[in-house]
Amino acid sequence: MRMGLGWRRVAKMEEITRIIRRALGYPMEDYRRWVVLAELRGLDTALVYEAGETLMRSGDPSSMALAGQILDGVFILGSPGPGIREAGRVLLDEICEWDQDPAVLSAALHPYAQLGGTNAAMLLALLQHTDARVRASAAQLIATVENAVGDAGIEQALVQALEEDEDSDVRIRAAAGLYLLAQDDPECLERAAELFADYLADPEPEIRCAALVITTIDDLPRRLDLVAQELDAAEPAWPFVDLCSGVEVEAATPAARERIRLRLRELWEVRWAERVRPDLYPDPAERAEMLDAAIAACGSA
Numbered sequence: 000m001r002m003g004l005g006w007r008r009v010a011k012m013e014e015i016t017r018i019i020r021r022a023l024g025y026p027m028e029d030y031r032r033w034v035v036l037a038e039l040r041g042l043d044t045a046l047v048y049e050a051g052e053t054l055m056r057s058g059d060p061s062s063m064a065l066a067g068q069i070l071d072g073v074f075i076l077g078s079p080g081p082g083i084r085e086a087g088r089v090l091l092d093e094i095c096e097w098d099q100d101p102a103v104l105s106a107a108l109h110p111y112a113q114l115g116g117t118n119a120a121m122l123l124a125l126l127q128h129t130d131a132r133v134r135a136s137a138a139q140l141i142a143t144v145e146n147a148v149g150d151a152g153i154e155q156a157l158v159q160a161l162e163e164d165e166d167s168d169v170r171i172r173a174a175a176g177l178y179l180l181a182q183d184d185p186e187c188l189e190r191a192a193e194l195f196a197d198y199l200a201d202p203e204p205e206i207r208c209a210a211l212v213i214t215t216i217d218d219l220p221r222r223l224d225l226v227a228q229e230l231d232a233a234e235p236a237w238p239f240v241d242l243c244s245g246v247e248v249e250a251a252t253p254a255a256r257e258r259i260r261l262r263l264r265e266l267w268e269v270r271w272a273e274r275v276r277p278d279l280y281p282d283p284a285e286r287a288e289m290l291d292a293a294i295a296a297c298g299s300a
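Everything in the sequence shown is counted per numbering that gives the first Met the number 0, starting at 0 for the first residue and increasing by one.
Hints may be right or wrong, so weigh each one.
What follows is a list of derived Cβ distance ranges for each label pair [said to hold, decoys possible]:
#1 Glu165 / Ala250: 34 to 40 Å
#2 Gly5 / Glu249: 53 to 59 Å
#3 Glu165 / Glu85: 36 to 42 Å
#4 Glu193 / Ser57: 28 to 34 Å
These aren't lab readings, by the way, just hints derived from the structure by calculation. Glycine included, every Cβ here is placed at the ideal spot set by N, Cα and C.
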């Protein structure tokens, strides 16, 4: 019986190792790495954590950055018990305090936040980091810390990142953070609506989408008119296709709804979902799901 259990553990670890090796074949920023790592879901959480901890203690920056991504999955999607959570907190306390490699730090911050390790002061400081990857992680996480809603310092830091940061990913995540804060704070929403009115023509589609949603909270017909305009672009951006799958399509004027429906059908016919680099999010399969959901929503509205 003991031998059988031992072989079972070896077999599980071999499967985990194969997945990790495949993930290492893609750069950290390549979305296909996340697709491969998703295969770890449903496997033995303790063994996946063990593999991640081993990589995190390896001293090799590329392996440690991958470990941060693995542990992020463990603490978000896995079922770690108190012992694993405590071990993870001790490990990431050390990494986030002492490791100076930007790739490692930016990856480790995400599972660290899941364990309650990050705080506003830490992330505010990291929003000034010289490496954009670290600033992007800080911008993504700072709106989720305890008591973030109503914190003027956090709101102002995100506004500054949106307005002044030269990195598009930092700006996109800052916009998402402001949107998150505005959802639970009417006064923040009012300020955000005024701010984002200047970003409806931003070059980044994710920022334009956030601006569109925030500035039309009380005017859904106008929102759908603006979405229809975005869809008329030669190559519509995915956030606007995704918006069409919401029940709010029902609020569109009949003319706008029909315009959106016809355009979505055109995108389906020209294989819009496939016209994307496979290393970017969302990948072709996910874009196809978005488009199908949007077409279905417009057809039933």
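Verification of the supplied hints:
The beta-carbon spacing between glutamate 165 and alanine 250, approximately 37 Å, falls within the hinted interval of 34 to 40 Å. The hint said 53 to 59 Å for the Cβ distance between glycine 5 and glutamate 249, and at roughly 58 Å that hint holds. For glutamate 165 paired with glutamate 85, a C-beta distance near 39 Å keeps the hint of 36 to 42 Å intact. Take glutamate 193 and serine 57: their Cβ atoms lie about 48 Å apart, and the range 28 to 34 Å is violated.
Checked against the numbered hints listed earlier, the structure breaks hint 4 alone; every other hint is satisfied.
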